[in-house]
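**Student:** Okay, here's what each chain looks like letter by letter:
Protein chains: 2
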Amino acid sequence: MSESTMPSEAGVHAAAASIAQILPPTPLLPVEIGGVRCWAKAETLQPVGAFKIRGGWWRLSNLPENERARGVVAVSSGNHAQGVAWAARRLGIPAVIVMPRDAPKVKLEATRALGAEIVLYERPGEDRDEVAARVLEERGGTLVHAFGDPWVIEGQGSAGIEITEQLGAQPSRILVCCGGGGLAAGLALACPDAAIVPVEPEGWDMVGQAVRSGEIVRVAADAPATICDALRPDATKPINLAVLKDRAGPCLAVSDEKIRAAQRFAFSALNLVVEPGGAAALAAALAGKVAIDASTVIMLTGGNTDAESFAKTITDL
Amino acid sequence: MSESTMPSEAGVHAAAASIAQILPPTPLLPVEIGGVRCWAKAETLQPVGAFKIRGGWWRLSNLPENERARGVVAVSSGNHAQGVAWAARRLGIPAVIVMPRDAPKVKLEATRALGAEIVLYERPGEDRDEVAARVLEERGGTLVHAFGDPWVIEGQGSAGIEITEQLGAQPSRILVCCGGGGLAAGLALACPDAAIVPVEPEGWDMVGQAVRSGEIVRVAADAPATICDALRPDATKPINLAVLKDRAGPCLAVSDEKIRAAQRFAFSALNLVVEPGGAAALAAALAGKVAIDASTVIMLTGGNTDAESFAKTITDL
Numbered sequence: 116m117s118e119s120t121m122p123s124e125a126g127v128h129a130a131a132a133s134i135a136q137i138l139p140p141t142p143l144l145p146v147e148i149g150g151v152r153c154w155a156k157a158e159t160l161q162p163v164g165a166f167k168i169r170g171g172w173w174r175l176s177n178l179p180e181n182e183r184a185r186g187v188v189a190v191s192s193g194n195h196a197q198g199v200a201w202a203a204r205r206l207g208i209p210a211v212i213v214m215p216r217d218a219p220k221v222k223l224e225a226t227r228a229l230g231a232e233i234v235l236y237e238r239p240g241e242d243r244d245e246v247a248a249r250v251l252e253e254r255g256g257t258l259v260h261a262f263g264d265p266w267v268i269e270g271q272g273s274a275g276i277e278i279t280e281q282l283g284a285q286p287s288r289i290l291v292c293c294g295g296g297g298l299a300a301g302l303a304l305a306c307p308d309a310a311i312v313p314v315e316p317e318g319w320d321m322v323g324q325a326v327r328s329g330e331i332v333r334v335a336a337d338a339p340a341t342i343c344d345a346l347r348p349d350a351t352k353p354i355n356l357a358v359l360k361d362r363a364g365p366c367l368a369v370s371d372e373k374i375r376a377a378q379r380f381a382f383s384a385l386n387l388v389v390e391p392g393g394a395a396a397l398a399a400a401l402a403g404k405v406a407i408d409a410s411t412v413i414m415l416t417g418g419n420t421d422a423e424s425f426a427k428t429i430t431d432l
Numbered sequence: 116m117s118e119s120t121m122p123s124e125a126g127v128h129a130a131a132a133s134i135a136q137i138l139p140p141t142p143l144l145p146v147e148i149g150g151v152r153c154w155a156k157a158e159t160l161q162p163v164g165a166f167k168i169r170g171g172w173w174r175l176s177n178l179p180e181n182e183r184a185r186g187v188v189a190v191s192s193g194n195h196a197q198g199v200a201w202a203a204r205r206l207g208i209p210a211v212i213v214m215p216r217d218a219p220k221v222k223l224e225a226t227r228a229l230g231a232e233i234v235l236y237e238r239p240g241e242d243r244d245e246v247a248a249r250v251l252e253e254r255g256g257t258l259v260h261a262f263g264d265p266w267v268i269e270g271q272g273s274a275g276i277e278i279t280e281q282l283g284a285q286p287s288r289i290l291v292c293c294g295g296g297g298l299a300a301g302l303a304l305a306c307p308d309a310a311i312v313p314v315e316p317e318g319w320d321m322v323g324q325a326v327r328s329g330e331i332v333r334v335a336a337d338a339p340a341t342i343c344d345a346l347r348p349d350a351t352k353p354i355n356l357a358v359l360k361d362r363a364g365p366c367l368a369v370s371d372e373k374i375r376a377a378q379r380f381a382f383s384a385l386n387l388v389v390e391p392g393g394a395a396a397l398a399a400a401l402a403g404k405v406a407i408d409a410s411t412v413i414m415l416t417g418g419n420t421d422a423e424s425f426a427k428t429i430t431d432l
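As given, the protein sequences belong to chains A and B, one line each in that order. Quick note on numbering: my numbering labels position 98 of the first sequence as 213, and the sequence is numbered without any gaps. Quick note on numbering: my numbering labels position 196 of the second sequence as 311, and the sequence is numbered without any gaps.
Same shape as in the complex, but just chain A (with noise of 0.2 Å):
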């Protein structure tokens, strides 16, 4: 397979064998949704913390053996970075991440603490591509898109596969927190009988405006603030559309509001720690915005959040 290469779901599952050899499948927890009995996939309890632990260690166990020593360089505000570094450390691999300056402090502490060396660019102002097009002229490597890349897609897939096998059967429908479009597009390959519903941010809803002209939409210059960092690409990638225009839908967004909502409701109905970015698509099924059954599973993505930001959240101030 090469970088122009389509992800597949048969790549999907060669995915999800490598990754159950090296971790174990995060928890699916029942969770009550305005009384009915749903799913809620906890990638929030990954080593790192989110889903981006997947594509992170299939992409870089895909890397031939005469590029590694060069190592990876990747572009990120938390999540992928850690899931990268990760990967990369297991793998002997050198890791360079590109973090916006703006980032949590907890997501750039995690990824300095897992052995990643970290080049610091200003959002907004700086172009984050340009910054990794020099960081990958200056020193050579191999780019590991966040989204755009056909293994990426494939390992985040694997919580899809994982979800099939929990449930005994692909589940009726998915919400996803979306990004980019990397996991949304590998769990549709992963449950080709499910509907994929992507959740974004208000304002950043740029993969379900693609979805829906079929065209790569940019995210307006003038875009709203939001709390997901995590969920701030500026535009999804071919490969991405490719795969989501005939399958996701509804294509929903979310306000902050709604997203701290799902917070709370997290902590207290499910005792877990969910960051914003992470609880997008729960905000969408407690919102009403979607039906709900018992074989519908919401994508908790992340729980990466510094500890006074969530607990402002939680006492709602």
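The set of hints was computed from the structure by calculation and includes no laboratory data. Treat the hints with care, as some may be off.
Any copy, or any two copies together, can satisfy a pair, since identical chains are not distinguished.
[As the list claims (entries may be wrong)] Pairs of lysine-lysine, BS3-like flavour, derived with a Cα cap of 30 Å: (1) Lys-427 x Lys-373; (2) Lys-404 x Lys-427; (3) Lys-427 x Lys-360; (4) Lys-373 x Lys-404; (5) Lys-352 x Lys-427; (6) Lys-220 x Lys-373; (7) Lys-220 x Lys-427; (8) Lys-220 x Lys-352; (9) Lys-352 x Lys-373.
Got chain A sorted already, so can you dock chain B onto it with the hints?
**Tutor:** Just chain B now, with coordinates in the frame of chain A:
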């Protein structure tokens, strides 16, 4: 089995088989403590947020048909309350729960939401066993003791059967948050080859004192305050001591400060919400009070905590 009968290893296996019919196993999550990877059993992810659902279910589902209509009475600061209320609702048995007025709001509300009738008492001041005796005298029904009951002990022990299945072998050692000693006794029966290490709040270590002296010991009237609302019974019961006296050790005690540090660790490293009493075993591990190895299991026994106090703990206010 009568109330004076001793719980047994076979009984724990029977309880585990019954509980497996209604509740998925709670996750056994990898956790790194001082460079050693061991395991955390996340009972915080039970539907009532604590392991008490196990003992409640096993006790009530063994209640003879002709005693069910008269209902059950339990005394609890909150987690046993919810465990009994959950089982009672599912089995259609009326439940009255005697709870201290200073129990965490979240526990009072959750117990009420499960359909139980709540009778409040003042702590300190009123004797909770006297309040329960009065309720029993007035209305009849069966007392479901929080720890001094063979079915409750066997039910709690089902967690140890799950752990053994999840590890593929009995753990070397189980660190367990300890109130009256119901869970510790159940785990001792479930895992006869494992060391059982009860962890109590400083000044409330009456199970440890009882194990060392061979006699029931009461908590001193001037015992210091503790944030562990779930670990404050006055004394263990003969049935618990009989199981634990040759099995438990070392018996440890931890400070409120260490417990809050453990809650912060669970928040940041595991993305889990753990209540003070549920973090005692983790606190002992983090403080280096006992050796940890790759098959050591740390019980995270409960996660029911008010948002305000949790927010203060994680921001270290």
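**Student:** Hint by hint, note whether the structure agrees.
**Tutor:** Do the hints match the structure? See the list:
no. : hint              : verdict
1   : Lys-427 x Lys-373 : both (15 Å within a copy, 23 Å between copies)
2   : Lys-404 x Lys-427 : within (26 Å within a copy, 33 Å between copies)
3   : Lys-427 x Lys-360 : neither (38 Å within a copy, 45 Å between copies)
4   : Lys-373 x Lys-404 : within (11 Å within a copy, 43 Å between copies)
5   : Lys-352 x Lys-427 : neither (35 Å within a copy, 42 Å between copies)
6   : Lys-220 x Lys-373 : both (24 Å within a copy, 24 Å between copies)
7   : Lys-220 x Lys-427 : both (16 Å within a copy, 19 Å between copies)
8   : Lys-220 x Lys-352 : within (28 Å within a copy, 48 Å between copies)
9   : Lys-352 x Lys-373 : within (27 Å within a copy, 48 Å between copies)
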